[in-house]
Amino acid sequence: MLPKDLRFVIEGGPFSQGLSQPALLQHWLRRSTIPFCPSLAKDSLRDAIIVGLDVEWWEYDKGFITELGVSIIDPRFVTDWTSPWKVLETMVTQHVRIKSNAHMVNRDLCKGHPDKFEFGKTSFVNVEQAKEMLRCSFLRFDTHGCPRPVIFVGHAVDNDASIIKKEFGLNLEALDILVATIDTQVLAAEIGLVQGTRTPKLSDLLAKYKISEPYLHNGGNDIACTIIAAVFMCSPFAPNNNVQAYYDRLKQHLHTTGKVMHGSETYCIKCDFDKHLTADCQLYVYCMHCAGSKETINMAPHHKTEKCLIATIKSPEPASKKFDQWSAPARFPVPCSMCIVSTDPQRYNLDHAYGHLEEDCKFKAGGSESVVNTKWV
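Following UniProt numbering, the numbering of the sequence shown begins with 1 at its first residue and continues without gaps.
The reader is advised that the hints may include incorrect statements.
[Stated by the list, open to error] When the alpha-carbon atoms are kept at most 30 Å apart in a straight line, the in silico DSBU-like pairs for lysine-lysine are as follows:
(1) Lys4 - Lys166
(2) Lys4 - Lys165
(3) Lys314 - Lys131
(4) Lys111 - Lys208
(5) Lys210 - Lys251
(6) Lys121 - Lys201
(7) Lys42 - Lys111
(8) Lys86 - Lys116
(9) Lys165 - Lys314
No lab work stands behind these hints, which were simulated from the structure alone.
As the structure is a prediction and not an experimental result, all values here were calculated from the model.
Please construct the entire structure, taking both the sequences and the accompanying hints into account.
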């Protein structure tokens, strides 16, 4: 059954009235059965792929997307449905950081942990690679070339869907593969886990099952924990003191088996190289914005001019015009080592220093300034 036909049965069939999110997910988990008509819909829904999505953005401007987290459970790889832990062991989570915005780490309004992904390996991608990852995650085909149905899961899921449509041009509805949407905030309310009108935080839902995750506000961790919470809410699961230990073992298992499918694990946020990590960077960088103020001059040697967050906050230009436009200022990924350490502003200017190689430097022979012996990578 094609996804669009299955969705029609779910939304417009005789059993659609009062069909709740818990009922749909419990059917998928083989905990109960919805007597669909035609009966083919019953098996088609159980063959749907669970795809969860979390989007992280810079706290001062949500137009700057910093991380994406995608978790997938394909029922064809689940061999034991008797335990929620066995189902979750098959989960695959991708955590990517957008290269152009990776330096935008949330610290003030809501502390982020982009470097603390617990369920696999983090990779760095450009915007086109991010689009490809999203498309590959949602659009999968069976052996006959037909698209697989998808159950879309998230926490405040409408926010994430609208953002990827706006920023990455991916309209999930237009793909005709979504058959149901599960929002853990709605799920919690429908099973009576939360009372009143207060919207539950993800950490609150985890706490209901005696799980503590220290590194939420990481795109990969958030969506993995969202899937975990959703599965627990629809399983006959009695929390006990061993849950945290099981959870930690699950993280270790998924981290060990996780693989990077898009982008590269190696990337330097400081200098934009993909051959070393930021902690190993020996490149000299300088921010002309910070150098121009006595309040910020001490910050100048720590980032490039075009990566100055203070300047970005003050900029009147909307993020939509700046998205994915951060790049090296000139032709070469490393500066001329003689010019970048010069005391002459015309030489250490990034446009000039990155504009030529050391062997082509016009100041190489007989320059008036001494050259510092610095290692460049």
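Verification of the hints:
1. Lys4 - Lys166: Cα-Cα ~23 Å, so holds.
2. Lys4 - Lys165: Satisfied, since the Cα-Cα distance of roughly 20 Å is no more than 30 Å.
3. Lys314 - Lys131: holds, 29 Å
4. Lys111 - Lys208: holds, 23 Å
5. Lys210 - Lys251: holds, 15 Å
6. Lys121 - Lys201: Roughly 25 Å separates the two Cα atoms, so the pair holds.
7. Lys42 - Lys111: violated, 43 Å
8. Lys86 - Lys116: holds, 24 Å
9. Lys165 - Lys314: holds, 27 Å
In summary, the one numbered hint that this structure violates is 7.
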